[in-house]
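For chain A, the structure is supplied; the task is to place chain B on it using the hints.
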Amino acid sequence: MEANHNIILPEGSIEKQTTTLNFGPTHPATHGVFQNIMEVDGERVVSTVQTVGYIHRAFEKLAERRPLYQITPITDRLNYCSSPINNMGWHLTCEKFLNIQTPKRVDYLRVIIMELSRISDHLICNSIVGVDTGAYTGFLYVMQYRELIYEIYEEVCGSRLTTNIGRIGGFERNFTNAAFTKLEKFLNEYPKTLREFESLFTRNRIFMDRTQGTGGISAERAMNYGFTGPNLRAAGVDYDVRVQQPYSSYQDFDFTVPVGTTGDNYDRYLVRNAEMWESISIIRQAYEKVQSFKGTDADVYHADVPEYYLPKKEDVYTKMEALIWHFKIIMGEIDLPKGQIYNAVEGGNGELGFYLISDGGRTPFRLHFRRPSFIYYQAYPELIKGGMISDAVVTMSSLNLIAGELDA
Amino acid sequence: MALTNEYIQAQLVAKFGDQVTTFSTTYGTLSFESPKELNLKVLQFLYDEPSLGFTFLTDLCGVNYPDNIGGELVVVYHLHNFTENVRLRFSVATSIAQPDVFTASKLFESANWMERETFDFYGINFVGHSNLKRILNVDEMDYFPLRKEYPLEDQTRIDKDDEMFGRG
Chain A
111 MEANHNIILP
121 EGSIEKQTTT
131 LNFGPTHPAT
141 HGVFQNIMEV
151 DGERVVSTVQ
161 TVGYIHRAFE
171 KLAERRPLYQ
181 ITPITDRLNY
191 CSSPINNMGW
201 HLTCEKFLNI
211 QTPKRVDYLR
221 VIIMELSRIS
231 DHLICNSIVG
241 VDTGAYTGFL
251 YVMQYRELIY
261 EIYEEVCGSR
271 LTTNIGRIGG
281 FERNFTNAAF
291 TKLEKFLNEY
301 PKTLREFESL
311 FTRNRIFMDR
321 TQGTGGISAE
331 RAMNYGFTGP
341 NLRAAGVDYD
351 VRVQQPYSSY
361 QDFDFTVPVG
371 TTGDNYDRYL
381 VRNAEMWESI
391 SIIRQAYEKV
401 QSFKGTDADV
411 YHADVPEYYL
421 PKKEDVYTKM
431 EALIWHFKII
441 MGEIDLPKGQ
451 IYNAVEGGNG
461 ELGFYLISDG
471 GRTPFRLHFR
481 RPSFIYYQAY
491 PELIKGGMIS
501 DAVVTMSSLN
511 LIAGELDA
Chain B
9 MALTNEYIQA
19 QLVAKFGDQV
29 TTFSTTYGTL
39 SFESPKELNL
49 KVLQFLYDEP
59 SLGFTFLTDL
69 CGVNYPDNIG
79 GELVVVYHLH
89 NFTENVRLRF
99 SVATSIAQPD
109 VFTASKLFES
119 ANWMERETFD
129 FYGINFVGHS
139 NLKRILNVDE
149 MDYFPLRKEY
159 PLEDQTRIDK
169 DDEMFGRG
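Heads up: the protein sequence lines correspond to chains A and B, in order.
Residues 111 to 518 (the numbering used here) are what the first sequence spells out, left to right.
Residues 9 to 176 (the numbering used here) are what the second sequence spells out, left to right.
It is possible that part of the hints are untrue.
To be verified - DSSO-like cross-link-like pairs, simulated, lysine-lysine; straight-line CA separation at most 27 Å:
(1) A/Lys292 <-> A/Lys302
(2) A/Lys302 <-> A/Lys399
(3) B/Lys156 <-> A/Lys495
(4) B/Lys156 <-> A/Lys448
(5) B/Lys156 <-> A/Lys429
(6) A/Lys171 <-> B/Lys141
Think of the hints as simulated: they come from the structure by calculation, not from any bench.
Since the structure is predicted, the reported quantities are computational estimates derived from the model, not experimental observations.
So here's chain A without its partners, still in its complex pose (with noise of 0.2 Å):
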């Protein structure tokens, strides 16, 4: 006894069966830091928790400090892999809210942005799949035109990664020729692109064997868990925010919503893929819309809202409304309505909900983001109960978490 003086095991650890793994705080690519401690039986996994919150930002505090504009560079923040929609979707939420009305043009100008953030968001939780199931050269192929979308970014809004793209009423400026140019390369290359990907992955026996089965989930218990977006789809709910409440004109578009039916790791993969394949074409749709405007009408990047949209620089030097305007707007000295809303946009991983509440002060009284990742990691636990510890990684990266929207 004298001997093993040194070594304190825990109470109980030489009678218990399982082994206690604590896996992580990971960086898996570009998806966050997760940690969870697990319970093994051997490589099983018998029951795990998750730690969240590493990255967390009080968000919904620094909001109640901000004029609306403000606020646009902190939705860049929550899933920063489609960093347009969430930008959108606040611009969205407060033109509801404060009764804007936006011209065609800019809706379909922000369809292409927001289709194409989707598209970036699902190729990377697609290719990081095929990494962590040992299969490289996918994410590099696919990787090349994600470099393109954030070129096509940078020509409307000079950033890449957090965007800050737009504002409530509009874009802060017409798209380039140069975007457009972009875009059309992107629009020939990509399905080409894609569909060697698919090639790749689509019906190769390892993927198949390593994700069909594992990560599952039945639509009952997906919708309990408050799954949205591509994973619901998956389990077989063919709930699509774009569909079931449309902003933005999507009622215009012309697209059908994937789904799956066993909701696990492969129909998940099936449908992201499906969901870019149906992007492409909402775009291309969209860009033929846009190209439709003529003369003064292919001008119109904005709504008139002088309220809440910037002047023109050379405007606030010369003339005194915009100043006055430029002034207001930039100190944050305007009052906004009472009242409250919740607005809901379709995110890269499912339904982003602000919920929105003023008391008619110059910022929001309460401001609450409802961020897919963070309700549906929850079910985590229940979705690798019982597999191997190989597959609770395949799962972790299907599910797309973000951890800057788990975290908020």
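Showing chain B alone in chain A's frame:
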């Protein structure tokens, strides 16, 4: 038959009488309140009643109204009926002195973490919750940061005041 806000309101009033109050419709969404003791009964009724079918909990969050004495903390539920495509907002108020509200996590698994988040930020005690502890903030934290009594700005600064934000 399309599910209208008027029909939902009539059903609720028929079931709970004058206990469900302050019905209003803003931006197309019906919202109402009930006493906090009734929150589970109302949620269960909305869930079970076949003609209502609010089986999806979209969102659950807290709000702090420091001026509303006796009902300083509010829990807001956003529910959704997928088949009829109708949303609904339901809220219960509780005093800050005894912030006990029944948990909805037995009805909706999704409420589990959302209630933990609400507890973390507002200190609302969800009675019956299986694992009510902090989720985003550190475990050692001894206050509830989203309550209005904790202002965001550093209070030692004198170059900024609330007047600039319309709440002088």
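Results for each hint:
no.: 1; hint: A/Lys292 <-> A/Lys302; result: holds, 16 Å
no.: 2; hint: A/Lys302 <-> A/Lys399; result: holds, 24 Å
no.: 3; hint: B/Lys156 <-> A/Lys495; result: violated, 41 Å
no.: 4; hint: B/Lys156 <-> A/Lys448; result: holds, 18 Å
no.: 5; hint: B/Lys156 <-> A/Lys429; result: violated, 40 Å
no.: 6; hint: A/Lys171 <-> B/Lys141; result: holds, 20 Å
Hints 3 and 5 from the list above are not met by this structure, while the remaining hints are.
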